[in-house]
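Starting from the known structure of chain A, fit chain B onto it as the hints suggest.
Each chain is listed here by its residues.
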Amino acid sequence: MSNRVKRLIAVLVLGIFFIGLMGISLGASSTSSAGELRLATDWPYPFHGNPFGAGAVGGAWWFVYEPFAYYIPQSDEYIPRLAESWKIEKGKVTVTLRKNAKFSDGKPFTAKDVINSVNFIQAMWQWPYEIENVTAPNDYTVVFTLSKDAPQSFVHTILTDAAIPALAPYHVYSKWANLAKEVAELGKKIFAISSSGKTPDAQLKSTYDKKADDLRKQVNAFSPFKTLKRMPVIGSFEPTKITQSEMVLTANKYHWLYPKMKINRITFRRWSSNEFVWASLISGEIYAAHPNMPKDVVEQLTILNPSLKVKTTTDLSEIALVFNYQKPLFKDVNLRKAIAYVLDKSKVRDVAVWQASTCSPYAHGILKSMESKWISKDTLSKLTKYATNAKMAEEVLKKAGYKKVGTTWQQPNGQPVAFTLSVYGPHSDWVLAAREVVQQLNNFGFKVEMKLIPDGMRDQVMKSGDYEAAIEFGVTWQGYPHPYNGYMRLYEADLYNITKFPSKDKYSTPWGKFSPYDLTEQLRDVAQDKKKSIDVVQKLAYITNEYLPIIPLFEKVLPIYYSDKKVTGWPAKDDPIWSLAPGGIERVYNLLITTGKLAPKK
Amino acid sequence: MRKKRFLDFFYDYVQPLISNKKSLAGSIILLFFVLMATIGPMIVPLNMNSDFANRYQRPSLQHPFGTDYFGVDIFQQIVHGSRSVISLTLFASLFAVIIGTVVGVARGYLEGIGGKLLDAIITVFLVIPSFPALLILAAIFADTKLNTVEVALIVAIWLWAPLAKQIAAQVLTVKSREFVEASRMLNMGLGYILFSDIAKLLIPYIFVNFVTQLKSAMEFSIGLMFLGLAKFDPTHWGVMLNYALYQAGALYTPKGFHYPFFVILNIVLLIYGGILLAQGIEEVFNPKLRGHE
Chain A
1 MSNRVKRLIA VLVLGIFFIG LMGISLGASS TSSAGELRLA TDWPYPFHGN PFGAGAVGGA
61 WWFVYEPFAY YIPQSDEYIP RLAESWKIEK GKVTVTLRKN AKFSDGKPFT AKDVINSVNF
121 IQAMWQWPYE IENVTAPNDY TVVFTLSKDA PQSFVHTILT DAAIPALAPY HVYSKWANLA
181 KEVAELGKKI FAISSSGKTP DAQLKSTYDK KADDLRKQVN AFSPFKTLKR MPVIGSFEPT
241 KITQSEMVLT ANKYHWLYPK MKINRITFRR WSSNEFVWAS LISGEIYAAH PNMPKDVVEQ
301 LTILNPSLKV KTTTDLSEIA LVFNYQKPLF KDVNLRKAIA YVLDKSKVRD VAVWQASTCS
361 PYAHGILKSM ESKWISKDTL SKLTKYATNA KMAEEVLKKA GYKKVGTTWQ QPNGQPVAFT
421 LSVYGPHSDW VLAAREVVQQ LNNFGFKVEM KLIPDGMRDQ VMKSGDYEAA IEFGVTWQGY
481 PHPYNGYMRL YEADLYNITK FPSKDKYSTP WGKFSPYDLT EQLRDVAQDK KKSIDVVQKL
541 AYITNEYLPI IPLFEKVLPI YYSDKKVTGW PAKDDPIWSL APGGIERVYN LLITTGKLAP
601 KK
Chain B
1 MRKKRFLDFF YDYVQPLISN KKSLAGSIIL LFFVLMATIG PMIVPLNMNS DFANRYQRPS
61 LQHPFGTDYF GVDIFQQIVH GSRSVISLTL FASLFAVIIG TVVGVARGYL EGIGGKLLDA
121 IITVFLVIPS FPALLILAAI FADTKLNTVE VALIVAIWLW APLAKQIAAQ VLTVKSREFV
181 EASRMLNMGL GYILFSDIAK LLIPYIFVNF VTQLKSAMEF SIGLMFLGLA KFDPTHWGVM
241 LNYALYQAGA LYTPKGFHYP FFVILNIVLL IYGGILLAQG IEEVFNPKLR GHE
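Protein chains in written order, with full-length UniProt numbering: chain A, 1 to 602; chain B, 1 to 293.
Hints are computed from structural coordinates only; laboratory data are not their basis. Here a beta-carbon is modelled for each residue, glycine too, at the ideal position from N, C-alpha and C. Please note: incorrect hints may appear among the correct ones.
Said to hold, decoys possible - Computed spacing ranges between beta-carbons, pair by pair:
(1) A/E285 - B/P132: 52 to 62 Å
(2) B/S60 - A/S283: 50 to 60 Å
(3) B/V127 - A/S245: 45 to 55 Å
(4) A/E395 - B/F52: 25 to 35 Å
(5) A/K532 - B/R58: 52 to 62 Å
(6) B/F52 - A/P108: 51 to 61 Å
(7) B/I128 - A/S372: 33 to 43 Å
(8) A/R216 - B/P132: 42 to 52 Å
Said to hold, decoys possible - Result set (DSS-like, lysine-lysine): computed pairs, CA atoms no more than 25 Å apart in a straight line:
(9) A/K148 - A/K189
(10) B/K21 - B/K215
(11) A/K217 - A/K198
(12) A/K211 - A/K229
(13) A/K295 - A/K573
(14) A/K311 - B/K255
(15) A/K217 - A/K175
(16) A/K309 - A/K573
(17) A/K565 - A/K260
(18) B/K175 - A/K309
(19) A/K205 - A/K148
(20) A/K226 - A/K102
(21) B/K255 - A/K347
(22) A/K210 - A/K102
(23) A/K210 - A/K189
(24) B/K231 - A/K447
(25) A/K262 - A/K573
(26) A/K311 - A/K102
(27) B/K255 - A/K295
(28) A/K327 - B/K231
(29) B/K231 - A/K463
Bound conformation, chain A alone:
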């Protein structure tokens, strides 16, 4: 081959390479069209578009599904979405559906879709059995009959959970509608029998298992994206293009608020790591996100991308030090009190999540941001304040028979106060908090080691009780911002299941002896009555503070970073709309888009 030919080939190769590069960059810039909001999230790939399939629809959830209403905690206001109105009676909720709501394929949304969705979620998820029955007096009215055990707070779930109205549109899932109804009915029957303390008939159980397995196998394998070549949704956006790294949602032109929408496309970048999101926010590749970010990174970010603003809102949850009550060491409340006095929670917060709110000096089980609404000054005056005080900790321990030998505290039985603090490795803020807690406790004279729980093993480790103390979510109010949620978690549900705190025992209070379990049940029954709720909360707050089932470290916040470089109309920092973010920040974006507030910058 002559040199001339060789040169020609080299030039050709280089030319193709540069044309390719230009194509890639043009392709990338073409996605940055007007009327677009760029965010970061995660989604299953290959994308199936089936909410019952593995990974469901990922972060697209709040854009593709609508609840009957959004609830804004800060203003205590419901914003109607798929419901025009609703009526709450004893054991019954009647919802009037929006008549101009349509799926993204143009099919109207009716009561049939609601009934089908409830049947499907009960059949596939064995939840919510609190709904005994759903009937449709007409196409645009649904009546939910609740079981007698349903808590009052469940009405809130019906209204605000996006799974209930249109998760399984009848025209998409009609093939399995009868089977789903049958499985749901059988499931409710078995649940009712079990709840009454009886054992369900083996024949009934076996029929249920067979039918439920059959349904789950078929529905789990269904991919609307493959079969229908699209995913008909009731929400404001439909997923239209999904790759490993990018998910594009296109506006639903049949949405009743479509004429108001100025953003017609959502582009998600995959949230592969917090660092990726930091870099994407700095470069302007995404316009809004809510990653945890160290203080100095935030400072740098505002220098490099001045259009970025940050708003923090409570996450309606707190991070706490929790104990395993199956380990004898933690059965002594004096030790728990000493730990509460030793810990400098401000220091823990500084290193873990600097934007978080400092925890209340109390440990009453009410989020600090909600303290004034739920705990009276009189009750607060009765509670022990756990401000950092090493001397108080020493006093409490000495009184209880503990001794300091050399630099180490010993239990009354002569054993050192030694334990391991487990923390879930992938939660970097928890790891930082754990490191600080271990350091402070060791400085005081306890022997504490830190242990990381590997990725994906948190549930297994915590539920099996294979830990001594751990960093975990303490009380959380996400979903329904009411103290019942927090106390239920502590004394009956998630946290109780991992700590096994003796919540059915009776504890002394200024008002008599009560078990926190019974009080939580009482609170459940009066949840809709604020006055009665407050009365029960005082007793629960006292028990929680004085018997310390957990020690709160800080109230978590959701830092929301948003840029007005490409998109304008972000609400003011004190706008109550931000309080909709905990448990589903995409609801905020969706509400802002569908009300026409967010618009491309001209």
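Frame of chain A; chain B shown alone:
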């Protein structure tokens, strides 16, 4: 007699290493780290109390490597962390090299079913994805408090196979040489042929591998800490680096540049010291590389 032996050893092995620039530089670096790990913690006190207001202090006389995200002196942590880093990585590399050499030499020499069986074992360990395997091990040993040697053995399990494969290939080329034939004719035992005739020739090669394993051993030991298998040590250089890069985001702020820099500098120096020594040893003891002398 003993003095003569010592002098022979000195002139045969030590002097050539001292006169080779690479091995001398490598030895000095490694000696520095060994001293750091052995007597360093006795001289330099460690204060791990966080001082968030004084985070990311630049290097100064008070803090030679500056302070980290927690406001803790980085130099103190490097010195105290060197003990676990060096002991764990050296043990893990050593175990990996021992297993890899024994299996590799045996595989290279043996023929028939024995050789095929060893080949299959090596291949199995080559193809097992190490991370899921470590996850399983984490679950198995979740309750066991493993010591440094036990952790090093677990790390070595995932490191020996590539070396065994390479050594097996080397042995295959060596085993038909005249001196091996001669040993066979003289009815010398298999052990003698394998480990006296053949393995000796591979020593420089094995040593180079030993050094290159250090980095992998360090990565694995960090992985084990994050899997909860090894005792969590906040001063381990890998854990420090993880805190710096992933949790404190030190690369995203100019203030924090020195935080990962000094950790990486020490890791690089340790590994570079090992590589220099290995290259020096190869130059000194490999006749082909000494051909120009």
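Do the hints match the structure? See the list:
1. Restraint check, A/E285 to B/P132: a C-beta distance of roughly 32 Å breaks the suggested window 52 to 62 Å.
2. A C-beta distance of roughly 34 Å is found between B/S60 and A/S283, which places it outside the suggested range of 50 to 60 Å.
3. Against the hinted window of 45 to 55 Å, the Cβ-Cβ separation of B/V127 and A/S245 comes to about 28 Å, which falls outside the hint.
4. Evaluation of the 25 to 35 Å hint for A/E395 and B/F52 yields a pass: the beta carbon distance comes to about 28 Å.
5. For A/K532 and B/R58, the hinted distance range of 52 to 62 Å is satisfied, since their beta carbons lie about 59 Å from each other.
6. Checked against the given bound of 51 to 61 Å, the beta carbons of B/F52 and A/P108, roughly 57 Å apart, stay inside it.
7. In this structure, B/I128 and A/S372 break the distance hint of 33 to 43 Å, their C-beta atoms being roughly 58 Å apart.
8. Between A/R216 and B/P132 the CB atoms are about 27 Å apart, so this pair departs from the stated range of 42 to 52 Å.
9. Simply put, A/K148 and A/K189 have alpha-carbon atoms about 14 Å apart, close enough for the 25 Å limit, and the pair holds.
10. Taken as a hint, the B/K21 and B/K215 pair is honoured in the structure, with Cα atoms around 23 Å apart against an allowance of 25 Å.
11. The straight-line distance between the Cα atoms of A/K217 and A/K198 is roughly 29 Å, outside the 25 Å bound, and the hint therefore fails.
12. At roughly 28 Å between alpha-carbon atoms, A/K211 and A/K229 are farther apart than 25 Å, so this suggested pair is violated.
13. Pair hint A/K295 plus A/K573 holds up; C-alpha atoms about 19 Å apart against a cutoff of 25 Å.
14. Under the criterion of a C-alpha separation no larger than 25 Å, the hint pairing A/K311 with B/K255 is consistent with the structure, at around 24 Å.
15. Taking the CA atoms of A/K217 and A/K175, the gap is about 14 Å. The hint holds against a cut of 25 Å.
16. This hinted pair checks out: A/K309 and A/K573 have alpha carbons roughly 10 Å apart, not beyond 25 Å.
17. For a cut-off of 25 Å, the pair hint linking A/K565 to A/K260 stands: about 21 Å separates their Cα positions.
18. Between B/K175 and A/K309, the direct Cα distance comes to roughly 70 Å. Violation of the 25 Å bound is thereby established for this hinted pair.
19. A threshold of 25 Å between alpha carbons decides the hint, and for A/K205 with A/K148 the separation of about 23 Å falls inside it, so the pair holds.
20. Between the alpha carbons of A/K226 and A/K102 the distance comes to roughly 22 Å, so the proposed pair stays at or under 25 Å and holds.
21. Taking the CA atoms of B/K255 and A/K347, the gap is near 21 Å; set against the 25 Å cutoff, the hint holds.
22. Distance check on the hinted pair: A/K210 and A/K102 sit about 35 Å apart at the alpha-carbon level, beyond 25 Å; violated.
23. Only pairs whose Cα atoms come within 25 Å are accepted, and A/K210 paired with A/K189 is accepted, the gap being roughly 15 Å.
24. Our distance criterion of 25 Å between C-alpha atoms is met by B/K231 and A/K447, whose separation comes to about 14 Å.
25. Taking the CA atoms of A/K262 and A/K573, the gap is near 22 Å; set against the 25 Å cutoff, the hint holds.
26. Our distance criterion of 25 Å between C-alpha atoms is broken by A/K311 and A/K102, whose separation comes to about 34 Å.
27. For the hint linking B/K255 to A/K295, the alpha-carbon distance of about 11 Å falls within 25 Å, and the restraint holds.
28. About 21 Å separates the Cα atoms of A/K327 and B/K231, which keeps this hinted pair within 25 Å; it holds.
29. Only pairs whose Cα atoms come within 25 Å are accepted, and B/K231 paired with A/K463 is accepted, the gap being roughly 22 Å.
Hint compliance for this structure: hints 1, 2, 3, 7, 8, 11, 12, 18, 22 and 26 are not met, and every other hint is.
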